[in-house]
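Asker: Just so we're aligned: 27 in numbering that gives the first Met the number 0 is position 28 of the sequence shown, and the numbers increase by one with no gaps anywhere.
Warning: the hint list may mix true and false statements.
Computed Cβ-Cβ distance ranges for the label pairs, DEER-style [what the hints assert, rightly or not]:
#1 Gln18 x Phe43: 20 to 28 Å
#2 Glu60 x Leu15: 16 to 24 Å
#3 Gln25 x Met68: 31 to 39 Å
No lab work stands behind these hints, which were simulated from the structure alone. Since the model is a prediction, treat every value here as computed from it, not as a measurement. Beta carbons are placed, not taken as given, at the ideal position from N, Cα and C, and that holds for glycine.
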Amino acid sequence: MSEYSWPEDGRQLGELARQAWPATVQALPVGTRVTGVVIFRQPFGVFIRIDGIPDAVGLAEVTAMPRDMALLRTAAASSAR
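Turn these sequences into a full structure, and let the hints steer you where they fit.
Answerer: See below:
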């Protein structure tokens, strides 16, 4: 696995998330704290599957972080939440 990942079913995942967007916005008002599992990584942050909201995918954008820290690993690479 490379340092960064993208799911093989990325297009389908994106379409499901797009269709679920109205329900996601209603269930998660701005400022709601969420938990989830990292499902893939990119240089700018990680994408998470949000617990309890089917088909919702969130982006945790990372704009700055301490030098000794690293982006979270995907669920396949680690069980970290």
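Asker: Of the hints given before, which are not true for this structure?
Answerer: none
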